[in-house]
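Participant: The task is simple: from the sequences and hints, build the whole structure.
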Amino acid sequence: MLLTAPNEPAHAAEVAAVSLSRVTRVFGVTPALVRVDLEVARGEALLVRGPNGAGKSTLLSVLATALSPTYGTGSVLGFALDRGRDEIRRRTELIGHRTRLYEDLSGRENLRFWARLTGVEEARVDGALEAVGLSAAADDRVGGYSQGMRQRVAVARATLREPDLLLLDEPYAGLDDEAKEAVDGLVARTAARGATVVLATHDPTRGAGASRTLYMDAGRIVPDPASGGTRR
Amino acid sequence: MTLVRQAGVIAAKDLRIEVRGRHAVGTILPFAATLLIAFGLSIGPGRTLLQQTAPGLLWLAMLFASVLAFRRSYEAEGEDGALEGLLLAPIDKAAVFLGKAAAVALQLIALWVAVLLLVAALFDVSLGGDTGIVVAACLLGTIGLAAVGSLFGVLTESPRAREAVVPLLVLPLAVPVLLSGVKATSLGLAGLGSQAGGWLGLLVAFDVVFLSAGTLVFEYLMED
Chain A
1 MLLTAPNEPA HAAEVAAVSL SRVTRVFGVT PALVRVDLEV ARGEALLVRG
51 PNGAGKSTLL SVLATALSPT YGTGSVLGFA LDRGRDEIRR RTELIGHRTR
101 LYEDLSGREN LRFWARLTGV EEARVDGALE AVGLSAAADD RVGGYSQGMR
151 QRVAVARATL REPDLLLLDE PYAGLDDEAK EAVDGLVART AARGATVVLA
201 THDPTRGAGA SRTLYMDAGR IVPDPASGGT RR
Chain B
233 MTLVRQAGVI AAKDLRIEVR GRHAVGTILP FAATLLIAFG LSIGPGRTLL
283 QQTAPGLLWL AMLFASVLAF RRSYEAEGED GALEGLLLAP IDKAAVFLGK
333 AAAVALQLIA LWVAVLLLVA ALFDVSLGGD TGIVVAACLL GTIGLAAVGS
383 LFGVLTESPR AREAVVPLLV LPLAVPVLLS GVKATSLGLA GLGSQAGGWL
433 GLLVAFDVVF LSAGTLVFEY LMED
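Line by line, the protein sequences give chains A and B. Last residue of the first sequence: 232 in this note's numbering, with the numbers rising by one and none dropped. Last residue of the second sequence: 456 in this note's numbering, with the numbers rising by one and none dropped.
Hints listed in this document are in silico derivations from the structure and should not be mistaken for laboratory results. Note that the coordinates shown come from a computational prediction; the quantities given were computed from them, not determined experimentally. Worth double-checking, as some hints may not be accurate.
[Claimed, not checked] Among the chain B residues that face chain A by a calculated CB cut under 7 Å, a handful are:
no.: 1; residue: K245
no.: 2; residue: L247
no.: 3; residue: G253
no.: 4; residue: G313
no.: 5; residue: A314
no.: 6; residue: G317
no.: 7; residue: L320
no.: 8; residue: P322
no.: 9; residue: I323
no.: 10; residue: A326
[Unchecked claim] FRET-style restraints, in silico, Cβ to Cβ:
no.: 11; chain 1: A; residue 1: G209; chain 2: B; residue 2: E395; range: 23 to 29 Å
no.: 12; chain 1: A; residue 1: V29; chain 2: B; residue 2: G258; range: 52 to 58 Å
no.: 13; chain 1: B; residue 1: V440; chain 2: A; residue 2: R189; range: 46 to 52 Å
no.: 14; chain 1: A; residue 1: P204; chain 2: B; residue 2: V441; range: 29 to 35 Å
no.: 15; chain 1: A; residue 1: G53; chain 2: B; residue 2: L354; range: 53 to 59 Å
[Claimed, not checked] Not everything, but these chain B residues come out facing chain A in the computed CB check (under 8 Å):
no.: 16; residue: L235
no.: 17; residue: V236
no.: 18; residue: R303
no.: 19; residue: A308
no.: 20; residue: E311
no.: 21; residue: A321
no.: 22; residue: T447
Every residue, glycine too, gets a C-beta built ideally from N, C-alpha and C.
Facilitator: This is the structure we're talking about:
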């Protein structure tokens, strides 16, 4: 009897959402991640803190398979970072500084494009836009949107696919309160349905719902200076 | 089938962006027209010489104009990190290559019509002769150019790199298209289409090589 979905690891429910072993990422001669060991359980909401240049963005890019580790091994949702990229991408969504929207298209057209491309029902687009409060501006060109409105469209796009792992890289940067609420709402809804969330931010007012906090500095996971220590 | 559907979605998106931005009409067509006028002025007023060189000037103008189209095709992807979105989307990356190539090819075909009419008017060239051969050369050449441009355009997400690298990579590789296209077009316009088979064959071979190469290696060019 088939107990798991096709291409799902046999022990999907038990494997960690994230498992990294001595992962190092080097840009030229500059190390951005240094021998990072990390385990994140399924359903966990992990908050990653640290100053600019600490390696938070690189860590999330590695988890999203946008970057490959220079050294070290790891898996995301049970799939190896090097051989299971397609499977990881099918189940993961990364929201970063850049919203990946097309400026000459409207918010609705952007979402329809992603829905068609990834095989999501287009009927979900209107609901996703409504959930982030953008129904009225949905047919305006994204080029005329504020940064907050763009990020809300990005949040709406992330909800279309309902990922098993949601990665957010400084999602609050430059946002108005309404857009910050939209990001918080996405994090809360994702966590509520049992998916894993990794949120990187240095905004101290955010991430209150996280089940664990990780502190990074100079590409390494280090003890949190505020609490005196952290577990990997 | 999924690959074709995904490529179609990407091509439709690119064409919609192009229609909104009117880049081809506002920038590429005037550029091609200016090139043709400059070429014509540099050759001089001799009608016979202009008519003899018209196929070469036509293809040169299209080649340089197509570089603008390739750059524009990836400009929209670089504006707000959209190319990374395509990389991380659960899709066949060959669909990105094929979709972008299809969209650029359709834009270039529209440009061909305008530029052919312009050449006929400026250089007093008759578009009679073996019209089918001329059309075939233009279509096959367009596919080849679109394939090369879409393949190497992905290497240059940053605007500064795009300015320099796309012409440096694409123009030398497009030389076989240029030579074959000029020869086939010359023979077609002269009513000697029966002699153009070899040149059209070369264009077909070029298209097959670069469409196949793009489909196979595009994913590796996109990946980190």
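Participant: Taking the hints in turn, state whether each one holds.
Facilitator: Hints and how they fare:
1. K245: This interface hint holds because 5 Å falls under the 7 Å limit.
2. L247: Status violated, d = 11 Å.
3. G253: At 5 Å from the nearest chain A Cβ, B:G253 passes the 7 Å test, so the hint holds.
4. G313: At 3 Å from the nearest chain A Cβ, B:G313 passes the 7 Å test, so the hint holds.
5. A314: Holds. Min distance 5 Å.
6. G317: 4 Å, holds
7. L320: The hint holds - B:L320 has a Cβ within 7 Å of chain A, the shortest such distance being about 5 Å.
8. P322: 4 Å, holds
9. I323: B:I323 check passes; min Cβ-Cβ to chain A is 6 Å, inside 7 Å.
10. A326: 13 Å, violated
11. A:G209 to B:E395: 23 to 29 Å: The hinted range 23 to 29 Å is violated for A:G209 and B:E395, with Cβ atoms some 46 Å apart.
12. A:V29 to B:G258: 52 to 58 Å: 44 Å, violated
13. B:V440 to A:R189: 46 to 52 Å: For A:R189 against B:V440, whose Cβ atoms are near 49 Å apart, the range 46 to 52 Å holds.
14. A:P204 to B:V441: 29 to 35 Å: 56 Å, violated
15. A:G53 to B:L354: 53 to 59 Å: 57 Å, holds
16. L235: Constraint on B:L235 not satisfied, violated at 12 Å.
17. V236: With a minimum Cβ separation of about 13 Å from chain A (threshold 8 Å), the hint on B:V236 is violated.
18. R303: The hint is violated - B:R303 has no Cβ within 8 Å of chain A, the shortest such distance being about 16 Å.
19. A308: Where the cut-off is 8 Å and the nearest Cβ of chain A is about 6 Å from B:A308, the hint holds.
20. E311: 6 Å, holds
21. A321: 6 Å, holds
22. T447: Violated, because the Cβ-Cβ distance from B:T447 to chain A comes to roughly 16 Å (cut-off 8 Å).
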